[in-house]
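Asks: For reference, the chains in residue letters:
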Amino acid sequence: NAGVTQTPKFRILKIGQSMTLQCTQDMNHNYMYWYRQDPGMGLKLIYYSVGAGITDKGEVPNGYNVSRSTTEDFPLRLELAAPSQTSVYFCASTDTSRDTEAFFGQGTRLTVV
Amino acid sequence: KNEVEQSPQNLTAQEGEFITINCSYSVGISALHWLQQHPGGGIVSLFMLSSGKKKHGRLIATINIQEKHSSLHITASHPRDSAVYICAAIRSPGEKLVFGQGTRLTINP
Chain A
-7 NAGVTQTPKF RILKIGQSMT LQCTQDMNHN YMYWYRQDPG MGLKLIYYSV GAGITDKGEV
53 PNGYNVSRST TEDFPLRLEL AAPSQTSVYF CASTDTSRDT EAFFGQGTRL TVV
Chain B
19 KNEVEQSPQN LTAQEGEFIT INCSYSVGIS ALHWLQQHPG GGIVSLFMLS SGKKKHGRLI
79 ATINIQEKHS SLHITASHPR DSAVYICAAI RSPGEKLVFG QGTRLTINP
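Sequence lines, in order, name chains A and B. According to our numbering, the first sequence is numbered sequentially starting from -7. According to our numbering, the second sequence is numbered sequentially starting from 19.
Warning: the hint list may mix true and false statements.
When the alpha-carbon atoms are kept at most 30 Å apart in a straight line, the in silico DSSO-like pairs for lysine-lysine are as follows [to be verified]:
| hint | chain 1 | residue 1 | chain 2 | residue 2 |
| --- | --- | --- | --- | --- |
| 1 | B | K71 | B | K114 |
| 2 | A | K36 | A | K49 |
| 3 | A | K6 | A | K36 |
| 4 | B | K71 | A | K36 |
| 5 | A | K36 | B | K114 |
| 6 | B | K86 | B | K114 |
| 7 | A | K1 | B | K71 |
| 8 | B | K72 | A | K6 |
| 9 | A | K6 | B | K71 |
| 10 | B | K72 | B | K86 |
| 11 | A | K49 | A | K6 |
| 12 | A | K1 | A | K49 |
| 13 | A | K1 | A | K36 |
| 14 | B | K114 | B | K72 |
| 15 | A | K1 | B | K114 |
| 16 | B | K86 | B | K73 |
| 17 | B | K71 | B | K86 |
| 18 | A | K49 | B | K73 |
| 19 | B | K73 | B | K114 |
| 20 | A | K1 | B | K86 |
Covered stretches of chain B (chain A as the covering partner; in silico rule of three or more C-beta atoms under 8 Å from a C-beta of chain A) [stated by the list, open to error]:
| hint | stretch |
| --- | --- |
| 21 | 25 to 38 |
| 22 | 69 to 80 |
The set of hints was computed from the structure by calculation and includes no laboratory data. In this text, all values refer to a predicted model and were calculated from it rather than measured experimentally. Glycine residues also receive a C-beta, built at the ideal position from the N, C-alpha and C atoms.
Bound conformation, chain A alone:
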């Protein structure tokens, strides 16, 4: 099925561990985004990309890295996990050149202990 595939759905990390959240879309969208949502709070943009090879920081990029080597994939890397990174992470994609809506992954619930 077409859409955004985000993995894993749940993860528990120990402080100092690293992990990569995967995000793949098969709609040939040029724009992809990573954001986090803390409990009871709104969405905050971590990183975004307007096309392969191009990434930019959002509101809360510290502690994260991204890459966009292909149009389809936009992985988010957490290095040296901290309790402050406990959150729900969402990946999204869209393509304004085709007047299309945004598609969201199902979210990753990450707990750092």
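With chain A held as given, fit chain B onto it using these hints.
Replies: Showing chain B alone in chain A's frame:
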């Protein structure tokens, strides 16, 4: 001041009422999205607007580029419409996605 402001932050209404949620933005944009997030956490895109008006079932979204304002309307509201509604603007230039703080809508039977 946030670049994207929504009002109201919370809205409670009775089933059948006409609902309006407003979104104002202070930056140039290329498009604006209306999103819906249910208590389970999943996010669904309702509309993407760059001009004018769109309608899907009981939902209507409008945007006025000159006034930098968008509205989401729900006709004949139903308890299943209870959710958080979020407007998100794609800034131009730069294409950064900027979110409003969300409107928590509760429709009582």
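Asks: Broken hints, numbered, in rising order?
Replies: 7, 8, 9, 18, 20, 21, 22
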